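Starting from the given sequences, assemble the full structure and let the hints guide the process.
Residue numbers (numbering that gives the first Met the number 0), protein chains in the order written: chain S, 0 to 556; chain U, 0 to 320; chain Z, 0 to 166; chain G, 0 to 641.
The set of hints was computed from the structure by calculation and includes no laboratory data. A quick note: this is a predicted structure, and the numbers were derived from the prediction, not measured. Glycine residues also receive a C-beta, built at the ideal position from the N, C-alpha and C atoms. Any given hint might turn out to be false.
To be verified - If the Cβ cut is set under 8 Å, some of the chain Z residues that face chain U in the computed set are:
{"no.": "1", "residue": "K7"}
{"no.": "2", "residue": "G13"}
{"no.": "3", "residue": "V15"}
{"no.": "4", "residue": "K18"}
{"no.": "5", "residue": "V134"}
The chain contents come next:
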Amino acid sequence: MQHSWVTNGCRELVDLLSRYGSVEEVGNAYLVKVRAEDLPEVANELQWGLGGYYSTSVGADFRPIDGTYKLYHIFSVPQCSRYVVTQASLPPSLPKAPSITPVIPGANWGEREVRDMVGIEFEGHPEPKRLVLPHNWPEGIHPLRKDFPYDRKLIIEGVDDEVEHVDELARKYQVVPIGPYHPALHEPEYFELYVDGEVVVEARYKGFMVHRGIEKVAESRMTLNQVPFIAERICGICGFTHSCCYCQAVESALRIEVPERAKYVRTILLEIERIHSHLLWMGVALHVLGFDTGFMAYWRIREPVMRLAEELTGNRKTYGANVVGGVRWDIREDHVEKALRILRRVREECVALTEKVLKIKEVVSRMKGVGYLSREDARRICVVGPTARASGLDIDVRRDHPYAAYGELDFRVPVRDEGDVLARFLVRYEEVLESVSIVEQALQNLPKTPLINEDYEVVPLRIGVGATEAPRGEDVHLVVTGLGNKVYRWRPRAPSYNNIPATLYMLKGAYLADAPIIIASIDPCFSCTDHCLVIDVRSGSSRFVSFRELVRGGYRG
Amino acid sequence: MMDAAPLLNVLIKYWLPFIAINVVIPALLAPLLDGIERRVRARIQCRRGPPILQTWYDLVKLFRKGAVTGGPIIFRLAPYIAFTVSILTLSLIPTLLNASLSFLGDTIVFMYLLAVPSVIISIGSIYTGSPLASVGSCREVSLWMAYELVFALSVATLAIDRSSLLLRNILPPYPPLHPSTILAIAIIAFLTYAEGGRLPYEIPEAEPELAGGIVLEYGGAELGLVKYALLVKRITLSTLLIDLILPRTWLTSILRSKMWFLGIGQVVVSATYISLLVILSITYSAIEALYGRLRLDQALSVLKKSVIIAGVAVLAALMGY
Amino acid sequence: MGRLGFIKDYLRYGVVTEKYPYEPVPTPETFRGKPVIDSSKCLGCGACVNACPANALSIEDDLRGGIRWVRLFIGRCIYCGRCADACPVGAIELSREFELSALESKDLIQEVGLRMVKCVICGKPFTTYRLVREVMRELSPDERVLTLVCPECRAKLTAVNTSFARW
Amino acid sequence: MILFTLLIIITIVLLTIPSLASIPMRGRGANYLIHTSASIASASALILSLLILTYGTSLSIYVKVPILNLRVLTFRITPLSAFFTLVISLVALASSIYGAGYVRRFYGREYLGHYALNYGLFILVMILTVSSWNLIAFLIFWELMTLTSQYLVSFEKGKASAVWAGFKYFCVTKLGADALIVSVVMLAIATKGFTATFTDLLKFMNALITTNPLVGNLVLAMFMIGLMIKAAIVPFHNWLPDAHPEAPSNVSALLSGCMIKVPIYFMILTLNPLPPTWRFVWGYVVATLGTVTLVVGTLYALEQTDSKRLLAYHSIGQVGYIVMALGASLVLPYLGIKYVALAIVAYVASLYHLLNHAVFKSLLFLTAGSVIYRTGSRDLNKLGGLGKFMPVTAATALIASLSIAGVPPFNGFVSKWLIYVSTMCVKTPLAIFGALALFISAVTTTSFIKYFTTLFGREGRVVKVVTEEVPLPMCFSQIWLATLCVALGVLPLLALYTILPTATYLGMNTYYLVISPFIVSIRGYGVNAIALIATYIAVTTLSATIALASRGGRLTAWLCGSKLATHLYSIPGKGYYRIFENVFKEVYVAGQALKSFGMRYSRYSLKVFKELSDSLETAELMTAIVVVLATLAILLKLLKWW
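Okay, structure coming up:
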């Protein structure tokens with residue numbers, strides 16, 4: 000009775016949540032205000048009791064507003080088609096919350112990032128080390144606090160010597176570094192593999208080396224409608240999904256109705272992005288396995304898709320299409336024809352090529368049984384996307400939390416139980432075919448409505464959660480709208496953020512030669528995962544590079 | 000008027016110039032063949048591919064660069080030694096002309112010299128302590144051990160058959176061609192492919208895995224030399240295979256009896272040699288384009304199987320087949 | 000042999016890569032390349048500067064010379080086309096040109112200089128002639144005078160007016 | 000003649016009197032006394048053996064018991080024994096000079112007087128063993144060789160592993176000696192008794208084996224087993240990898256370089272005069288065992304991560320090469336006149352490799368010793384980066400590694416090449432042996448890539464030792480042996496001049512050698528090797544000037560501003576060839592079977608001696624055994640006399 004405004008969704012979920020605090024429905028999410036000490040219990044109930052999936056943690060400095068810190072944990076509850084955002088207010092004097100990592104190991108990174116960036120301490124965290132900030136960053140300075148200006152210059156003394164720390168494991172085995180630049184993926188990352196013979200005994204990851212300060216910049220000096228353009232630059236491949244996710248978060252926060260046609264266009268572009276991303280990955284996977292002919296062949300198939308995206312949006316990367324309230328460019332009738340033709344060809348060639356590739360012995364033998372991730376581990380580390388689906392977790396945001404036009408289209412979610420690299424390859428392959436079919440359906444059923452709804456008002460301090468299924472998995476954005484057409488807090492969480500910790504599990508017991516394909520198999524996007532502030536200088540000291548300096552750097556060319 | 004025959008005799012007596020030609024021309028040809036191979040691979044991948052001379056351009060570019068690292072002396076010297084030895088190896092087998100430094104047991108010396116470049120570069124690479132270069136070097140020598148076993152058994156097969164370890168005697172013409180000889184030549188053909196560091200066996204360098212592996216630490220002119228040494232090694236291996244199947248003396252003698260004028264037989268043989276080299280390059284690179292990389296243990300298992308085949312060949316040769 | 004299928008593919012598709020630097024690559028008509036400011040149309044209103052998410056566009060008033068500079072630095076441009084959306088007169092458009100490399104970063108800057116109007120009261124340049132002309136076209140003749148007054152002076156004037164009204 | 004006598008006297012006197020004299024000395028005195036005198040004695044033995052080889056004559060010496068007018072001890076320095084004396088004295092010279100520096104690390108820790116006694120006697124006894132010409136002399140010195148070397152193996156009393164290894168070594172080889180003794184006793188009973196010379200024995204043996212093959216072969220087999228245990232032929236090899244590493248490194252050099260060669264002398268001596276059929280059979284037996292030995296020994300060496308243990312396993316492997324070639328030289332003449340020349344090549348190869356192995360293996364042990372001297376560690380998983388501090392040791396270790404690997408133009412190459420030439424083109428299983436040997440040569444190479452790079456290359460993984468080059472005497476010995484490695488490789492005729500007299504002495508027709516193409520080819524190779532090395536040197540100096548002129552800066556590894564623990568990036572020794580070992584595990588399974596046979600044997604021998612050792616101290620045990628032996632000998636002598 001007290002929840003009569005709850006329109007649909009799980010009674011059970013609402014009952015559970017209302018035991019801990021007041022529940023509010025925001026778009027496709029429930030916002031529940033809980034006490035900090037209840038967090039582990041709530042997390043346990045949601046993840047293990049109800050069968051939900053932990054997504055991420057967000058910290059926010061609300062001191063200018065109500066004098067507290069806010070800590071959000073986001074959970075996806077697929078069977079209710081709802082996200083759950085738990086909000087805990089922490090006192091400004093000593094922001095402290097019990098850690099949920101002991102309950103959900105997958106929360107490890109999320110909490111550590113909150114600790115680094117906002118300065119909320121987590122009690123009982125099993126690994127209370129820095130994640131994002133370098134080791135020699137001064138204590139007590141947290142970049143995402145509101146009293147830290149975005150263009151503040153911070154000269155840091157000393158050298159980050161965390162890796163110098165030598166433990167027994169390193170003494171016993173050979174340490175093989177992969178990185179700071181991955182030989183095949185060409186992205187900044189650093190894996191430390193402890194190798195016995197050529198077998199990996201243990202692996203460690205150090206990332207967040209190229210933080211770009213996107214969140215801070217967006218919160219500080221961009222307007223609500225400019226953020227989509229920086230959001231899509233979080234990733235070089237799945238940019239559209241980020242801008243879409245952001246727009247959905249804002250739309251849900253501000254209760255903006257998006258026109259039907261815009262939803263369809265978004266769907267089409269999202270799926271085109273998935274097709275080219277998966278084809279790219281399949282090519283790269285073959286390159287990592289040394290089979291360059293297959294690599295070139297997949298990219299040959301991918302090229303028409305890129306050209307199609309270029310025709311539809313004016314940019315090979317579908318950049319610049321999304322704004323809050325809709326999309327900016329329409330799909331013309333003649334494009335529909337052309338797109339259908341290209342998609343047909345892509346499907347045919349992809350099927351033929353994959354059949355050929357799967358007959359190549361050495362390629363298959365190097366994927367089969369390699370990089371095994373069990374269903375239980377996948378669940379505990381909260382992996383998402385094809386990595387999860389290849390380990391038997393049947394989750395897909397498109398189906399579980401229908402957004403854009405997915406609710407009206409017919410598609411299948413491929414799931415496999417093998418949990419190895421080959422399964423991930425096959426899941427992606429099947430997804431390409433599904434995506435082709437989704438785009439075809441969407442193109443054929445484009446509704447005739449306006450493209451964009453710009454008739455909305457920016458109400459400050461509304462919370463919205465946006466989620467999309469990026470090619471690599473669930474992409475979650477949390478937005479708190481701000482005063483003056485701005486964003487108060489925006490936290491994008493890319494899928495690789497949840498998937499990278501899984502590689503450490505997969506690497507154990509693998510051959511060193513298989514490490515690159517295992518790392519590549521989650522289709523990691525290190526630049527998605529890193530998005531903050533520290534840029535490294537050759538002198539060996541790290542410093543905070545202000546936005547202005549970046550501007551000047553740009554001029555220097 | 001000067002008679003041609005005595006001149007020729009003099010030249011044959013002083014065969015050193017011949018050997019020089021035999022060494023220099025294939026060495027110059029090696030990067031060119033690589034250019035062809037790159038082109039062929041590109042075409043199979045539906046790419047346009049670089050110009051044929053690209054490998055030469057690359058090498059020249061590398062030679063003009065200074066070294067980046069000042070590593071230990073053995074590391075710095077290894078490329079020079081490797082390159083010298085790979086050139087020396089060429090002098091032991093007939094290439095363009097039918098002349099070589101020939102002495103008893105030269106087959107063994109040939110095998111040893113063929114191995115020296117990778118051994119010395121492995122030592123140099125591990126010496127630097129670079130993890131990926133060390134792993135690459137260990138892979139290189141692990142593979143080499145297995146190759147050596149197969150190679151030794153096949154050479155033993157041929158040597159048993161001809162009762163000689165003189166390379167000249169092992170090469171054709173073969174009086175009766177035994178099945179064991181054919182098997183051994185087939186195995187050597189496989190080895191010339193695999194030992195050339197071609198794709199399913201291009202494990203020590205493995206760019207996506209080890210970022211260049213064994214040659215990772217080298218740069219500039221030294222890298223150029225290492226790469227050149229590998230190219231020369233490839234052409235040496237191809238030459239070995241061609242020598243095993245091309246009946247030079249027979250061809251020359253036939254042509255000498257038919258054509259009266261000077262040297263035409265030699266010209267034909269040389270032309271055949273070069274065209275066989277090109278054909279072999281095209282075939283090898285086409286095969287290479289169609290394979291992925293094996294893991295070291297998988298590659299060694301394949302080689303273990305070929306050890307068994309080579310063993311069968313030796314046993315057959317011992318029984319007189 | 001499955002492998003030979005790849006050779007068959009070559010025979011079927013041929014060479015698919017382009018001789019790009021030697022041959023031009025066509026771009027679709029919807030392509031968004033380098034933005035071009037039409038200096039004959041630009042009013043200097045600054046709508047594009049506000050819209051630009053990447054701060055590629057900027058406005059600078061040279062008060063001494065009385066010139067307003069509208070600058071576009073392509074090094075920062077993300078080719079989103081928000082400036083073209085925002086421009087009231089269609090002075091900025093995204094061309095189909097994409098070969099943007101330059102030897103010096105200053106080659107990547109487009110500048111449009113617009114003469115500014117001096118305030119009739121304080122004499123300080125405050126906006127461009129074109130903008131004033133455009134605004135005047137919309138207004139009734141008796142309101143037009145105010146367009147030549149800079150915002151500060153106008154604020155003072157309004158304050159005086161309202162105080163009169165109160166009195 | 001006077002010169003010979005003088006040299007013999009110098010050798011014997013300088014090896015006995017200082018040894019005895021230094022018993023009461025504890026440290027420095029014993030060190031300098033014994034090593035100086037041993038060096039001079041070795042040098043004189045070297046000259047003596049060279050003289051004998053040059054003249055090609057034999058020298059006989061008798062020790063008479065005046066009352067009975069019996070020639071109790073008979074010695075004869077034949078060209079063959081002179082060759083072995085040469086090998087022993089070459090290594091002993093280096094080892095003694097090296098020892099003067101090396102044993103300083105025992106000052107104040109161990110009692111050097113006993114070391115001095117055993118060290119001097121050990122060298123002398125080895126020389127006397129290969130010179131002994133009757134049974135009693137052979138037995139006495141054979142046993143003394145075991146006793147003295149056993150003491151040296153377990154010299155470091157503080158180390159339990161050393162004491163245990165010495166004990167195991169003693170037990171195993173003692174049991175081997177028992178087989179030997181039994182056969183010798185049988186022979187002695189059958190012939191003139193213990194004073195029977197080898198000439199008599201061999202004559203008798205020939206007769207016996209033709210008339211009564213069963214008994215003859217049984218006696219011969221007993222004798223051979225005794226020798227093989229001492230030579231560490233698989234499956235009797237498992238004492239060696241324990242014993243050799245535990246000795247002080249200069250003694251390890253002697254053990255691996257010389258002592259395991261002594262049985263080979265007796266193999267040559269006994270097997271060569273056999274009737275052709277039995278020669279052929281025994282040749283095959285020996286060649287097969289040699290091949291098994293070289294394969295198993297070297298493949299096991301591949302997985303070692305202890306520097307001296309790795310070298311010890313390689314000693315097994317290299318003895319396999321020697322024995323395999325020896326077997327081939329016995330087999331080949333039987334195949335026809337065409338192969339007689341090949342047989343001589345095989346024989347030459349065998350002795351050549353023996354000489355080479357003595358040189359490079361002792362050098363390798365010395366370099367390992369130098370590393371121990373400076374760092375105190377033998378662990379290839381931990382050591383590293385010593386090349387910067389110990390350039391001489393590193394350079395000599397590289398030369399020795401390349402030599403044992405058989406990389407041209409070093410000495411190992413020539414002898415291995417002769418082995419392949421003599422075996423690979425023969426239409427018999429020998430060809431497979433040759434091919435396997437060629438493969439194992441590759442394994443040896445990779446193994447020494449590991450040995451060299453782990454010790455001297457990269458950065459040390461765990462032990463970061465600030466260290467310096469070893470003292471001068473040690474450097475000198477290493478350089479001396481390294482020079483020999485190069486010289487014997489580039490100028491193979493040097494070695495041939497010492498080997499050919501032994502062939503003539505054994506009645507091989509060197510006529511074949513002169514006319515056969517092989518010796519020409521050896522000469523031809525000599526020329527080519529010089530050409531090769533000339534090219535090497537030219538190119539390397541040229542490139543060195545270029546390379547060193549363009550000296551680039553070295554950058555440290557960098558991780559986006561973080562420091563990296565780069566020394567942990569070095570591969571530990573165990574990681575080098577793990578995958579190869581896994582894939583070729585069948586060899587190891589087979590090797591394990593052989594090893595378990597050996598283990599069973601050694602366990603048995605240990606059990607036998609365990610009871611003895613429970614009640615007796617090692618020294619007492621030695622005396623006890625000498626007494627027992629002497630009594631046995633006297634008893635038997637009396638029996639005969641009576």
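Results for each hint:
Nearest Cβ of chain U to the Cβ of Z/K7: about 10 Å, over the 8 Å cut. The hint is violated. The closest approach between the C-beta of Z/G13 and any C-beta of chain U is roughly 7 Å, which is under the 8 Å cut-off, so the hint is satisfied. Interface restraint check for Z/V15: the shortest CB-CB distance to chain U comes to about 5 Å, inside 8 Å, so the restraint holds. A cut of 8 Å between beta carbons decides the hint on Z/K18: the least distance to chain U is about 7 Å, and the hint holds.
At about 57 Å, the closest approach between the beta carbon of Z/V134 and any beta carbon in chain U exceeds 8 Å, and the interface hint on this residue is violated.
In summary, the numbered hints that this structure violates are 1 and 5.
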